[in-house]
Amino acid sequence: MTDINKDILILGGVSFSCRLITGTGKFASKTLITPMLETSGSQMITVALRRVDPGSEHENILDYIPDAVTLLPNTSGARTANEAVRIARIAREAGCGDFIKIEVITDMQHLLPDNHETLKATQILAKEGFIVLPYYMPDITVTKQLHDAGAAAVMPLGSPIGTNRGLEMKPMIKMILETSSLPVIVDAGIGRPSQAAEAMEMGADAVLVNTAIATSADPAMAGEAFALAVRAGRMAYLAKMADESIFAQASSPLTGFLRE
Amino acid sequence: MSFLDKVIEYESFDFEGFFSSVTSQNVQQSLFRDHLTVPDLLHLLSPRARDFLEPMAQKARNVTMQYFGRTIGLYAPLYISDYCANQCTYCGFNTHTTFKRNKLTPEQIDQEAAAIANTGIRHILVLTGEAPAKTPMTYLTVTMGILKKYFSSIALEMFPMDEDDYKTLIAAGADSLTIYQEVYNREIYRQVHPGGRKADYNWRLKTPERGARAGFRAVNIGALFGLGQPKVEAFMAGLHAKYLEQKFPDVEISLSLPRMTKAEGGIAPRHMLSDIDFVQVMLAWRLFMPRLGLTISTRESAAFRDRLIHLGATRYSAGSRTDVGGYSQNLDDSTVQFEVTDDRSVDQITRMIKESGFQPVFKDWEILR
Numbered sequence: 001m002t003d004i005n006k007d008i009l010i011l012g013g014v015s016f017s018c019r020l021i022t023g024t025g026k027f028a029s030k031t032l033i034t035p036m037l038e039t040s041g042s043q044m045i046t047v048a049l050r051r052v053d054p055g056s057e058h059e060n061i062l063d064y065i066p067d068a069v070t071l072l073p074n075t076s077g078a079r080t081a082n083e084a085v086r087i088a089r090i091a092r093e094a095g096c097g098d099f100i101k102i103e104v105i106t107d108m109q110h111l112l113p114d115n116h117e118t119l120k121a122t123q124i125l126a127k128e129g130f131i132v133l134p135y136y137m138p139d140i141t142v143t144k145q146l147h148d149a150g151a152a153a154v155m156p157l158g159s160p161i162g163t164n165r166g167l168e169m170k171p172m173i174k175m176i177l178e179t180s181s182l183p184v185i186v187d188a189g190i191g192r193p194s195q196a197a198e199a200m201e202m203g204a205d206a207v208l209v210n211t212a213i214a215t216s217a218d219p220a221m222a223g224e225a226f227a228l229a230v231r232a233g234r235m236a237y238l239a240k241m242a243d244e245s246i247f248a249q250a251s252s253p254l255t256g257f258l259r260e
Numbered sequence: 001m002s003f004l005d006k007v008i009e010y011e012s013f014d015f016e017g018f019f020s021s022v023t024s025q026n027v028q029q030s031l032f033r034d035h036l037t038v039p040d041l042l043h044l045l046s047p048r049a050r051d052f053l054e055p056m057a058q059k060a061r062n063v064t065m066q067y068f069g070r071t072i073g074l075y076a077p078l079y080i081s082d083y084c085a086n087q088c089t090y091c092g093f094n095t096h097t098t099f100k101r102n103k104l105t106p107e108q109i110d111q112e113a114a115a116i117a118n119t120g121i122r123h124i125l126v127l128t129g130e131a132p133a134k135t136p137m138t139y140l141t142v143t144m145g146i147l148k149k150y151f152s153s154i155a156l157e158m159f160p161m162d163e164d165d166y167k168t169l170i171a172a173g174a175d176s177l178t179i180y181q182e183v184y185n186r187e188i189y190r191q192v193h194p195g196g197r198k199a200d201y202n203w204r205l206k207t208p209e210r211g212a213r214a215g216f217r218a219v220n221i222g223a224l225f226g227l228g229q230p231k232v233e234a235f236m237a238g239l240h241a242k243y244l245e246q247k248f249p250d251v252e253i254s255l256s257l258p259r260m261t262k263a264e265g266g267i268a269p270r271h272m273l274s275d276i277d278f279v280q281v282m283l284a285w286r287l288f289m290p291r292l293g294l295t296i297s298t299r300e301s302a303a304f305r306d307r308l309i310h311l312g313a314t315r316y317s318a319g320s321r322t323d324v325g326g327y328s329q330n331l332d333d334s335t336v337q338f339e340v341t342d343d344r345s346v347d348q349i350t351r352m353i354k355e356s357g358f359q360p361v362f363k364d365w366e367i368l369r
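Protein chains in written order, with our numbering: chain A, 1 to 260; chain B, 1 to 369.
Excised from the complex, chain A in its bound form:
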């Protein structure tokens, strides 16, 4: 029997017992981040380097993240691979660690990632020793290329950032889950705990949720709700729940009495 308490996700050599990754953007106040981390138990949080200002007494988002929580700086704002690489290097220099979430967006209307530039940035940064987590449009070929480029995990989007529309890319994500040898973290678009649970039931290794938690009326409670859903979804996956079937399957089969 699988012990859920010993179910660990390892990313870049770091162990995580909580598979909910959270974010720091869009909160009404940075002071809401700390209680959200406490209630959710999230052990990794993404932070946009463009919002980090260590030199300011007015604006230091890092002060609200406990030391035990792993920072996942992201390259939000980057339009090209080169910009993402420069942001990643600045993040490491600023003491944000070796993790980096590649986020290269050239479509400001829909905020969809540019897979080509994302792949290029992954290739460069992985060689420089970063633990690279690329956020990308779900695509089987690109998944393989990101693997070959040295990514530590892949982060396909569920639906466009902030939409709360859930797993609109479900068929693509399923294919990635079937084929990827890297951990798969579903990122963006998850707006309900039930959607997070569904991603985990499908076999996702983790989910990243920001907007749905940050813009809720009670981020601490929303964070806890998502954590519970992620755990439930993970348990369902590990328990190998029976598959769906188009035929009714009686628990006491009608032909069960027949013997050779």
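A few of these clues could be false.
Claimed, not checked - Lysine to any residue pairs mimicking SDA-like chemistry, simulated, CA-CA at most 20 angstroms apart: (1) K247(B) - T80(A); (2) K30(A) - G195(B); (3) K30(A) - I309(B); (4) K247(B) - K30(A); (5) K134(B) - G195(B); (6) K149(B) - P54(A).
Don't read these hints as lab results, they were simulated from the structure.
As the structure is a prediction and not an experimental result, all values here were calculated from the model.
Fit chain B to the given chain A structure using the hints.
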């Protein structure tokens, strides 16, 4: 094709007739559509849509929350020179206005920048009049070098330049461009810009495109409300923003709604944009372009700005001084380009934003070395 073709296309459009024909059903259909079309924008700008301001506001708030969250970006304007060769009839810097002109030295710019940065502001908007002889590229690139020490984002609101000059300033540290068409109606434009380089309507209209091509990551445009017929100007500005968004999908596009205020030597507004109309325009723009940045300056009153925060605004100026050297220099005889109505300090605006349930964002960009 440039946006000039759109301007010309709509010069023959019967706005008054269209607006008066809009029904409640038209407005409702536009309001509940996921992706709004150009006729939808017209519906939401029509007088009939006034009956739907509350549902428009509710939807605008939700859409803004989705894309921007509960955050408001902050910036401050920095006037480095008020020399100007233009003759804009509505502007305090008009070349015919007699006052002692000022241009900051690099040392004074450093002091101004330090004073602004000391308030926590990390995004700066640098402004000059149009006098390239007084503020040549060498002066502007030196300015960028100084400002880079203090700010994480440098936006320009200067005279229109060619692509190469913009590339030079981007290389020196600038990342955003603000350029207002002032008025989209070409006849009124001609009347209020009787001389100077600014009299060239087409050159100004195509400036945002030159800026986007040069590599600015953000472009902010707008009309100066008070010159042309407000709803028509709002429509053309919205159309212009959409045109830029589609043509340059990697550029962040935002709109401002400056309303004319008293300026020394200026003319009285021909058309007033009432507070209700202001809100209607803002909501219509937000619903037309969900990802659009909406900038609210200190031209607006404190009480009004406090309300707009819930209606889709994404960026506020704070602690603004609109005179050259206004933050630290105490220059004699300095004049303002326009009068600031919300004169609260950065701390006071920050407190208001927090009390409104939003997070003030001082830094939202990283200058890439």
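Hint-by-hint comparison with the structure:
no.: 1; hint: K247(B) - T80(A); verdict: holds (18 angstroms)
no.: 2; hint: K30(A) - G195(B); verdict: violated (50 angstroms)
no.: 3; hint: K30(A) - I309(B); verdict: holds (18 angstroms)
no.: 4; hint: K247(B) - K30(A); verdict: violated (35 angstroms)
no.: 5; hint: K134(B) - G195(B); verdict: holds (18 angstroms)
no.: 6; hint: K149(B) - P54(A); verdict: holds (14 angstroms)
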